[in-house]
Every structure is written in C-alpha cells, then in structure tokens.
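Colleague: Following the hints, complete the assembly by docking chain Y onto the known chain L.
What follows is each chain in one-letter form.
Number of protein chains: 2
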Amino acid sequence: MKAAQKDPITRLVNAFRQLPGVGERTATRLAFFVLNESDEISRELADALVDVKEKVGLCEDCCNLTDRDRCAICEDARRDRSLVCVVERTQDLRAIERTGDYGGTYHVLHGLISPLDGVGPDDIYVRQLITRLQKTGGEEAIEEVIVATSPSVDGEATALYLQRLLEPLGVRVTRIASGIPIGSDLEYADKVTLARALEQRRQM
Amino acid sequence: MKAAQKDPITRLVNAFRQLPGVGERTATRLAFFVLNESDEISRELADALVDVKEKVGLCEDCCNLTDRDRCAICEDARRDRSLVCVVERTQDLRAIERTGDYGGTYHVLHGLISPLDGVGPDDIYVRQLITRLQKTGGEEAIEEVIVATSPSVDGEATALYLQRLLEPLGVRVTRIASGIPIGSDLEYADKVTLARALEQRRQM
Chain L
727 MKAAQKDPIT
737 RLVNAFRQLP
747 GVGERTATRL
757 AFFVLNESDE
767 ISRELADALV
777 DVKEKVGLCE
787 DCCNLTDRDR
797 CAICEDARRD
807 RSLVCVVERT
817 QDLRAIERTG
827 DYGGTYHVLH
837 GLISPLDGVG
847 PDDIYVRQLI
857 TRLQKTGGEE
867 AIEEVIVATS
877 PSVDGEATAL
887 YLQRLLEPLG
897 VRVTRIASGI
907 PIGSDLEYAD
917 KVTLARALEQ
927 RRQM
Chain Y
727 MKAAQKDPIT
737 RLVNAFRQLP
747 GVGERTATRL
757 AFFVLNESDE
767 ISRELADALV
777 DVKEKVGLCE
787 DCCNLTDRDR
797 CAICEDARRD
807 RSLVCVVERT
817 QDLRAIERTG
827 DYGGTYHVLH
837 GLISPLDGVG
847 PDDIYVRQLI
857 TRLQKTGGEE
867 AIEEVIVATS
877 PSVDGEATAL
887 YLQRLLEPLG
897 VRVTRIASGI
907 PIGSDLEYAD
917 KVTLARALEQ
927 RRQM
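Chains as they are written, first to last, in our numbering: chain L, 727 to 930; chain Y, 727 to 930.
Keep in mind that the hints were calculated from the coordinates and are not lab data.
Check before you lean on any hint, since a few could be wrong.
[To be verified] For lysine-lysine, the following DSSO-like pairs were computed, each having C-alpha atoms within a straight-line distance of at most 30 Å:
| id | chain 1 | residue 1 | chain 2 | residue 2 |
| --- | --- | --- | --- | --- |
| 1 | Y | Lys861 | Y | Lys781 |
| 2 | Y | Lys779 | L | Lys732 |
| 3 | Y | Lys781 | L | Lys781 |
| 4 | Y | Lys732 | L | Lys779 |
| 5 | Y | Lys861 | Y | Lys917 |
| 6 | L | Lys781 | L | Lys861 |
| 7 | L | Lys779 | Y | Lys781 |
| 8 | Y | Lys779 | L | Lys781 |
| 9 | L | Lys732 | Y | Lys781 |
| 10 | L | Lys781 | Y | Lys732 |
| 11 | L | Lys779 | Y | Lys779 |
Excised from the complex, chain L in its bound form (with noise of 0.2 Å):
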C-alpha cells in the first residue's frame, strides 16, 4: 500500500529531524514555532537555506567557505600573507579569528589525514597549499606554516605529512601548543594532556 503524501506538518517535523541533535520532540516544538510564528522566520531560514547551497564555494587561494571567489581574510590587505595557519575546517578558523589574536591568513584542509578511515592526502586540499606556496613568491612569500589541526591521532598525523611535506620546500613549520586548558584544573586534566603538558614545558 502507498503511503499518501505526507502533510506539510509531518513533513516539516521530518525535514528538522535530519538536523544533528534534532530528535521528534525538538522537531516538533520547532515546526509549532514556525506555524505559529510570522512567516518571516520561516520565509527567512528557507531562503537562507536555499542561498548558501547555490552561493557558497571555496576561496580559490585558501580553500575556506565564501560566496566570492577569494574570502574576505584573503581579500584583507592587512593580513600577513607570510603566515599560513592550516585548519582542519572552517569552524575552526572562525574559532581562531574569535580569538582577534591572529593577523596572517588561512588554509582550510576540510578534513584529516586518517589511514584508518582510508583517508589519503588526496582526499583532503592539500594540493591546493602546495600551489599555493610555489605560486607565491616576493614579499608575498609565504615563510611560516601553522599547523593548527585538533591534537588527536588524525590531526597529528595530518601534522607531521604537513611537516615533512613542507619543509624541504624551505619553509618553516610549526604546531599549535597543546597542553592544560587556562583556567582549568591541573588534577582534573586526562592524564595524556598531563604528559604532554610536562614534556613540552617551556622556560619561563
């Protein structure tokens, strides 16, 4: 027996619970909301919805997400196009410019190195830093690479290919710190964090 087209409440409920953390209650309570809400929430998130699938691509020099062709940290002329801090995506580059405390620019990988997961250098953009770094030259030259990947297995793997990639291409390559998180515990840090945190001690 086919089942009759859907109503537009059930396939509303439906379409939210593809979200991630969206379950049927959620989903509910949020399509109530539209219905009882002005049609400009809705009118608003659809067309949003719509916009960033036709618009949105990767910027031609750094590979993180823009409507244009280059992104507004590559069109930034007063950013330091010496320093390439590379990302695993570009959530994590929006973490770093939160923090207003860097000024070079980007590369966004999208994605992770992981043998496990059969996941080669070819399948994330690291092709396109290499380019990239042979393309430039002068006093755009590019002469510090950091590789800001998570430290978890993939991300330093994906660190160290960078490193022996990257280095006999005379450029310098350095790794974000990894250690006890400010603010924190020392006693409730995992004892891996401990480790490293002892190991990479630094002179004061």
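Modeller: Then chain Y, alone, in the frame of chain L:
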C-alpha cells in the same frame, strides 16, 4: 554606516538562531552541517518551511491545523461525533492521539483565557465551538465536551468559563482528571498535585 549585505553563512546562522532553544553555537553547528551535507537536506527543509506556511490552515469544524478544509480526524467517519475534547493547542491534540485511547473528535482553542495577560474568550477559538454545538443535531449532536486544558491557572479558568457557557446549552461538560502521574513516586509529588489527588479520590 550601512552594514554590507551579510554573507550567506552568517545569514543562515542568524536564521537558525531565530528558532527556540537555538543559540549561536548550535546555529553555527547546524549551518555547517547543512553546508557539508547533500543539497537534498537543505532543499527539503526549505521546501517544508514554505509549504507549511502556505498550505496549513484551520479545520473548519474543529480548528485543528490541517492542509485540507477539514482535518483528518473530522473527516474520519469512525470517530464518535457526540464527544468533543477541547484542547489548548494542536500539540495537545497530538499527545492525546498518541495514547490511541480516544475515539471522539476535538476542538482546538489556540490559547487559554488569561485575565492577567488580557486574553479573553474572544481572543481564542471559543466562538467556533459554540457555532459547532448549535449547528450539529440529530445523530451528530454533541453530548459531551471534555475540557482537556492543562491544570494550570489559565487552564482552570478556561475550563470554568467553558462549563458555564456550555452547560446551559444542554451539553455535559467534563474535565480531565488531575492527580499523581502513573509510575511516579508519591513522596516526590508536589503538594498541590497531592492535595488535588486526595480531594478528587474515587470509589474503588
């Protein structure tokens, strides 16, 4: 200074933030989820959002939300039309339907009488219930109205109002029971609920 047109990602994050219980962090997570997933998910949600606002209106009999003239429950010939359960919102109707225990019809008020908030009987769908009572007769005559509003101040006020309004029309008006929830511990019941449960004790 007029701000430049927001980029599509920020626009989507802001649109998600309009939803209840969605803060900046969740909105960002949802936006990047949509960006990374197939077009289908965002397209489906966008379509459902537009659809629901365009197609869903009130059932001409019971004021339930529906995309037809009459809702599926009012259209169902097997439902007992002599019995009308009055609820505050469509969500409450759905909760009762989920029990699978109720074979009558409904009336959705879309609100409660709330003197403190300045909501009177004319601000909710009471008139439609009266019209329906007066219109129906013979085999379809309404014999009992179950007031299933919440046992809150406004819910009780609305129930009392409906009782005074409907009883003179020759309809039996009943109220859902309130008391200790099934499976919960007497020890932890709030004292108002416990007092009510004692007061409304019944012969075994």
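Colleague: Is the straight-line distance between the alpha-carbon of Lys861(Y) and that of Lys781(Y) 30 Å or less?
Modeller: 27 Å, holds
Colleague: Is the Cα-Cα distance between Lys779(L) and Lys781(Y) 30 Å or less?
Modeller: Holds. Lys779(L) to Lys781(Y) sits at ~25 Å (cutoff 30 Å).
Colleague: Going straight from one Cα to the other, do Lys781(L) and Lys732(Y) come out at no more than 30 Å?
Modeller: Holds, because 13 Å separates the two Cα atoms, which is no more than 30 Å.
Colleague: Given the hint that Lys781(Y) pairs with Lys781(L), does the C-alpha gap stay at or below 30 Å?
Modeller: 28 Å, holds
Colleague: Just to be careful, I want the Cα atoms of Lys781(L) and Lys861(L) compared with a cutoff of 30 Å; is the pair within it?
Modeller: 27 Å, holds
Colleague: If you draw a straight line from the CA of Lys779(Y) to the CA of Lys781(L), is it 30 Å or shorter?
Modeller: Judged against 30 Å, a Cα distance of about 25 Å means the pair holds.
Colleague: Does Lys781(Y) lie within 30 Å of Lys732(L) when you go C-alpha to C-alpha?
Modeller: 13 Å, holds
Colleague: Given the hinted pair Lys779(L) and Lys779(Y), is their Cα-Cα distance within 30 Å?
Modeller: 22 Å, holds
Colleague: Take the C-alpha atoms of Lys732(Y) and Lys779(L), compute the straight-line distance between them, and say whether it is at most 30 Å.
Modeller: 15 Å, holds
Colleague: Would you mind confirming whether the straight-line C-alpha gap from Lys779(Y) to Lys732(L) stays at or under 30 Å?
Modeller: Status holds; Cα separation ~15 Å.
Colleague: Check whether the Cα positions of Lys861(Y) and Lys917(Y) lie no farther apart than 30 Å.
Modeller: 43 Å, violated
Violation of the numbered hints given earlier is confined to hint 5; every other hint is satisfied by the structure.
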